[in-house]
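Peer 1: Spelled out, the chains give:
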Amino acid sequence: MSARTAQRALGSVGARGRLVLAVTSMIGLAGFAWPLLYGARRAGPDSAHAADAPWLFAVLVALLLVIVAVEHAAGRLTAKTVAVLAVLAALNSVLRLPGGVAGFNALWFLLIVSARAYGPTFGFLLGSFTLACSALVTGGVGPWLPFQMLAAGWVGLGVGLLEPVPRGGRAEVLALAAYGIAAAVVYDLVMDLWFWPLAVEGPLGFEPGIGLGATIGRFVAFHLATALPWDLTGAVGNAAVLLTVGGPALHTLERAGRRLRFQAVPELVELDQPATPCASPAAPGDVTREAPEEDELDRGGKPSDRRRGARS
Amino acid sequence: MIRVERLSFAYPGSGGPALRDVDLHIGEGELVLVVGASGSGKSTLLRCLNGLVPHFSGGTFAGRVQVAGRDTRTTQPRDLADVVGLVFQDPEAQSVAEATSDEIAFAMENLELPPAVMRRRLEEVLDLLHLAPLRERQLASLSGGERQRVAIAAVLAAQPSVLLLDEPTSQLDPQGAEEVLGALERLVHELGLTVVLAEHRLERVAGFADRVLRMEAGRLVGDGPPREVLGDSPLAPPVTALGRLAGWAPLPLTVREARRQAGPLRQRLRPAPAPARRRAHGRPLLEIHGLRVAYPGREALRGVDLEVAGGEVVALMGRNGAGKTTLLRASMGLTPASGGRVRLGGRPVAGRRTSELALEAGFVPQDPGAALFAETVEREVAFTARNHRLPRSAVAATLEDLGLQDLQERHPRDLSAGQRLLVALAAVLVAGPRLLLLDEPTRGLDAPSKQRLVELLAGRRAAGGAVVLATHDVELAARIADRVALLAEGELVASGPVDQVLSESAVFSPQVARVLGGPWLTVAEVREALEATA
Amino acid sequence: MSRSRRARLAPLAGALAVLLVAVAGPSTPASAAGPGLRAALIVEVGQTVRRLCVRLGQPAVSGKELVEASGLEQRWDGGALCRLAGTGPAGGDCFAQYPRFWGYWIGDGRGGWTWSGAGAATSTVRDGSVQAWVWSEGPDESSHRRPPALTFADACAPNGPAAGASAAGSGGAAGGGAAGGGGEAGAATAAGGADRTTRSGAGGAGWVSLIGGGAALLAALGLVALAWRRRHQA
Amino acid sequence: MTESRGLAPLHPLAWLVWLVGAAGVAGALGNPVYQLPLLGVLTAVYLAGHADAPWARAFPLFLRLGVVVLVLRTVLAAAGGDAAPPVLFRLPQVRLPGGVAALGGPVSAGALAGGFRNGLTVLLLVAAFGAFNACVSPSRLLRLVPGFLFEAGLVVTVALAFVPQTVIGLNRTLEAQRLRGHRLRRLRDLGPLLLPLLAGGLERALTLAEAMEARGYGRHRPGAGQGRGAALLGLAGLIAALLGAFALLAGNAAWSARALLGAGAVVVAAAAAAGSRRSGRTRHRQERWRRSDSAVATAAVAALGIVLAARLAGSGDLGWTGAAHLGAPGFAWLPALALFGLAAPVAAGSPR
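Top to bottom, those sequences are chains A, B, C and D. First residue of the first sequence? That's 1 in my numbering, and the numbers climb one at a time after it. First residue of the second sequence? That's 1 in my numbering, and the numbers climb one at a time after it. First residue of the third sequence? That's 1 in my numbering, and the numbers climb one at a time after it. First residue of the fourth sequence? That's 1 in my numbering, and the numbers climb one at a time after it.
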């Protein structure tokens, strides 16, 4: 495989888009981490608001997602991007259905590979849309949904960290697998942090004002006790699937990306004006042959008759 | 209405142009039929007419296309939506909504029509396409024909003056195709739309087409009235070919037209011996006795008996839901039988693993491309071989058998529908089964691909193998089948030699039989008989 | 069209506004019952025993928060109390005067005490809790001085805001704790009258809640049965 | 996915108002005397209004989740070693490694009751969402998506429409590969299942994109600056709201914090208003707002208002703050009656 170029599904995101994503992510992070921040603080007379906090932040994070959607989707998603996002989100939701394929939850696998193929911003959107779609399919809409959408979006966005890894080859797959482990563990940890203040009280529970160290200690103890075994099996499953299927899946996505040509720019060859039809300098066949051939020949050097073949 | 001048186009990165130097003028209210084999450029031409080519596809575009005065070079396809509507092959892949009325409203919402106008137009198109009872139905619950009519309605809601249809019936069964084409005929007569239709059910359409365009390798090689263009085309329907053989003038396009001129030919054929029918003598490969299959709430098969022996081709026919697919699936043990016996290769199917049964019978389900995933055709076939622990040499042999050597380094997803079917066949035949089960193999195939399939099946029969194919395609059955089993409501209503069953049936009889009656099923048989008597 | 749409959004906006007021409003749901929540805090230094009745800001606070809410002068090191009401090391090491330090006891409400080895930040104080801090010598409960047998009622007057006055020997550092939501007994403000009438254990209130709650539950179950039947007839 | 059979379907917005009301009431209650009847009310609403579709299974699933939380909270609260009287019994104490916490020790009635009622609060909140999920079909819910989020809503709509096909496709692929001798034994065997599904899905995406483009999708592109300006405004508002929320949680500077939170909310609302004005897209389907919708919405808002007011006034012992005394919880009739306002969806529609 020669150097493959990423087929970005979204045009240049721009400094502004990145800023919005960064700021919303920061705020969202605060929405997740409030128990830690709050646990560290000396509680005052209104510490009773601890009970309201999960709901307050659920609304806040939902609004954040609205803003990301407006910034990155409104008026910007082309038909191609909408279609690919929708198809992948549907596929992802099916893979996330209870039981899934062979009991394995393949959600992260497809998200990570797609984000790698079509760019981190696409990954963010895909992660969020997948969770939204999946929640609607299974009736899983709840206060946790905005947080899940945000966290899954981060998993997709984070694939951008692997940008320096060269495309094609074993290193890429290994990097994706490592990222898969990290992503699964971090996602579960972060969602558990959201769930924790609601789920428990007492010595392993959230309690305002006991100090940052103690808060973290209690949370980690809770997480280790209740969630870690599942997290680890999930993460290892992710990595295994990424290692075995990741490469071919990446190929499939990149092929489709080339076929879709997210940013198609037609080359219009000017013929002479119809007023002088006899003065045509070149046969039309020549005209098309003059067009620069892109480096998209299939392996074996045979030209693909991609759309023609599949269609007519 | 449509003006195409010296249009040439090449897809990005493709070796050669998909369209070469096409000149075309289509007037208002014309119904133009576009014919041609796979890859001849029909789809590309239609996509040029609404601007998807080149704006959506990219690529190199030369020449000019004007639709209703708008130049597609400077107009995006979305901005042509109120002028040109395009309906695609696969009804499932082009829907954006869950319910009928939402699907139809999509284009109107994009055009930002006021809600009152939307409501009115929605009612209009629902009536036009007889969809009113389905207005709130989930699209997923509709039949293919209904879904395709919804797709047409969704396009018409924008009130375009040109309607383009890209093989709208190729994925449908005859009933669905009839629904769609009937609706189309009505539209043409009632609305006077300009219609450009790529279609291969010529018999049904030729009657009301004003004009036929024939494409070959990206060039427009024929343009004129249907009789003229189809008369000398290999794509012509069997009646036309029969007419050509018999030297009828004017050439018939429909069975009705042919019957009027058929008298002398019937006379000539009377002394000729009926075409020889083969009888199978091999040992039985598939034995089905009293098979019953029950799905929750209904019985799909109620006591079916069928034996298939080596050296014969059996066609399973019947309308949708008659139990054809269920019979094939039960033969492979994919659907458990609730009664009766199924024996494959002399041993009961029940309790055997699918992968083991696959060595005795190869089953190619509908949509043969669905299981293709490898990077090359060769690897695709090798995957099956590896599953069965077969030697590498089997792969090469199978590829050669099916004439796929030239394609073996190609990506399966780049191939045409016909080529994909061959790859799917290779992927089950590499296991060396003697019996082959095919479910609707000709869906979406063009004439040359069908011919290739017929030759392939005949080859297997000659080698002592057996084939069971479930199909709606009467002409295919007439050409290849030795026996026909007709299913209705889960029961076998007729079973016997192909000429008996098909010529006795009103619905499932091929065109030649309708014209000539009796034992004559195909043009080839008539030709042989005439040569013999001459 | 847009007018009616706006009209439809009104109830949603109304509901959200009600919630917003509840969250950001002056007195929050969770702390609404605050005026009625009290806990007893016993502080013993030498012969001086203070009985403080501290108002709680919320249903459950930590032992540390209880001391903080008392308004006494204090210094903490994590969950350990270094200095309280002028006694204890003023700076640096909390256990600078070890084996003399602030011992932490949790009362059972009947005058019995349990030594708490865990820090005050992790214990829970609720309405009616009794806790004590004793400045004494000795590494653990066997040698450290045990607080006197005092109950909740010894610090807080039963069923009313005007808790009993501080015990003998108290005085001195009067809590300036209005802002802290608590203060020394007696300084506590009156609780709402409504609270008292429905107070648990107060006379016939038990019957009211039994009958009322039972009736509500029965009504709800009837509703469930109704919905069930309608569902299964359909 | 059929709509609910038992009731004339309520407007999704009415359901949303109901949800806000139900969740708000659930969050405000800490007293089992009210909590248990509320659970009954929510169950009745679910029974009366749920559809016969996969997503309608949400309610029982959510209830199960809520019960898990209830048990977890009660058990862990009891194991907290709270020595406040009355102590029911004592457990052996276990210290967790690292000195994070100790489990066991005295089990006080107050801790037990407190854990129970807190768990019940979570259970009720979850049940409210479960009933909402089960009663409103996703596609109708999606119609609530405001105009400025049209693209995002479209992605989810299209995805939902694709889900049934994808499930069928998955089963077909599974079978087709079995016919080629494939068996699913290890993780690597997933490749032949996932890859064809992926490739086929992407092929469909291409046609879908063409179909959308051909039907005028993306025709109207408002000046990008407008909507995104509103987004930035909204972001600013959210930052303000966040700071306010944190200040409020931290408990200092109470009034400025509230002002900040309120101002943030107002700015966000203004941004939303500005954003929605921008979208010129029209909609075909106008959900009808019936009288029953008004009734449900009004009843829900009234229930919420009464319960919150009662809580602010301290009447009715809504939070059951006397848990430590283990006396009988208090009760008042008005808030108890208000709970039944949330049952309005049961009565609102006549059977179709």
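In short, the hints are calculated from the structure, not lab data. From the three backbone atoms N, C-alpha and C, an ideal C-beta is built for every residue, glycine too. Any given hint could be a false lead.
[To be verified] Reference excerpt, derived from the structure (chain D facing chain A, CB under 10 Å, subset only): (1) 158; (2) 188; (3) 259.
[What the hints assert, rightly or not] Computed list of chain B residues with no C-beta within reach of chain D, every gap over 10 Å: (4) 28; (5) 98; (6) 105; (7) 532.
[Stated by the list, open to error] Pairwise CB distance ranges (calculated): (8) B:114 <-> A:62: 42 to 48 Å; (9) D:54 <-> B:70: 23 to 29 Å; (10) D:266 <-> A:22: 21 to 27 Å; (11) A:171 <-> C:80: 49 to 55 Å; (12) A:265 <-> D:146: 32 to 38 Å; (13) C:228 <-> B:138: 23 to 29 Å; (14) B:290 <-> A:169: 56 to 62 Å; (15) C:228 <-> D:263: 43 to 49 Å; (16) B:141 <-> D:91: 45 to 51 Å; (17) B:366 <-> C:226: 47 to 53 Å; (18) C:226 <-> D:95: 22 to 28 Å.
Peer 1: Now tell me if each hint is right for this structure.
Peer 2: For each hint, the structure was consulted:
{"no.": "1", "hint": "158", "result": "4 Å, holds"}
{"no.": "2", "hint": "188", "result": "4 Å, holds"}
{"no.": "3", "hint": "259", "result": "14 Å, violated"}
{"no.": "4", "hint": "28", "result": "21 Å, holds"}
{"no.": "5", "hint": "98", "result": "5 Å, violated"}
{"no.": "6", "hint": "105", "result": "3 Å, violated"}
{"no.": "7", "hint": "532", "result": "43 Å, holds"}
{"no.": "8", "hint": "B:114 <-> A:62: 42 to 48 Å", "result": "32 Å, violated"}
{"no.": "9", "hint": "D:54 <-> B:70: 23 to 29 Å", "result": "46 Å, violated"}
{"no.": "10", "hint": "D:266 <-> A:22: 21 to 27 Å", "result": "25 Å, holds"}
{"no.": "11", "hint": "A:171 <-> C:80: 49 to 55 Å", "result": "52 Å, holds"}
{"no.": "12", "hint": "A:265 <-> D:146: 32 to 38 Å", "result": "33 Å, holds"}
{"no.": "13", "hint": "C:228 <-> B:138: 23 to 29 Å", "result": "28 Å, holds"}
{"no.": "14", "hint": "B:290 <-> A:169: 56 to 62 Å", "result": "59 Å, holds"}
{"no.": "15", "hint": "C:228 <-> D:263: 43 to 49 Å", "result": "48 Å, holds"}
{"no.": "16", "hint": "B:141 <-> D:91: 45 to 51 Å", "result": "58 Å, violated"}
{"no.": "17", "hint": "B:366 <-> C:226: 47 to 53 Å", "result": "49 Å, holds"}
{"no.": "18", "hint": "C:226 <-> D:95: 22 to 28 Å", "result": "52 Å, violated"}
Comparing the model with each earlier hint shows violations of hints 3, 5, 6, 8, 9, 16 and 18; every other hint is respected.
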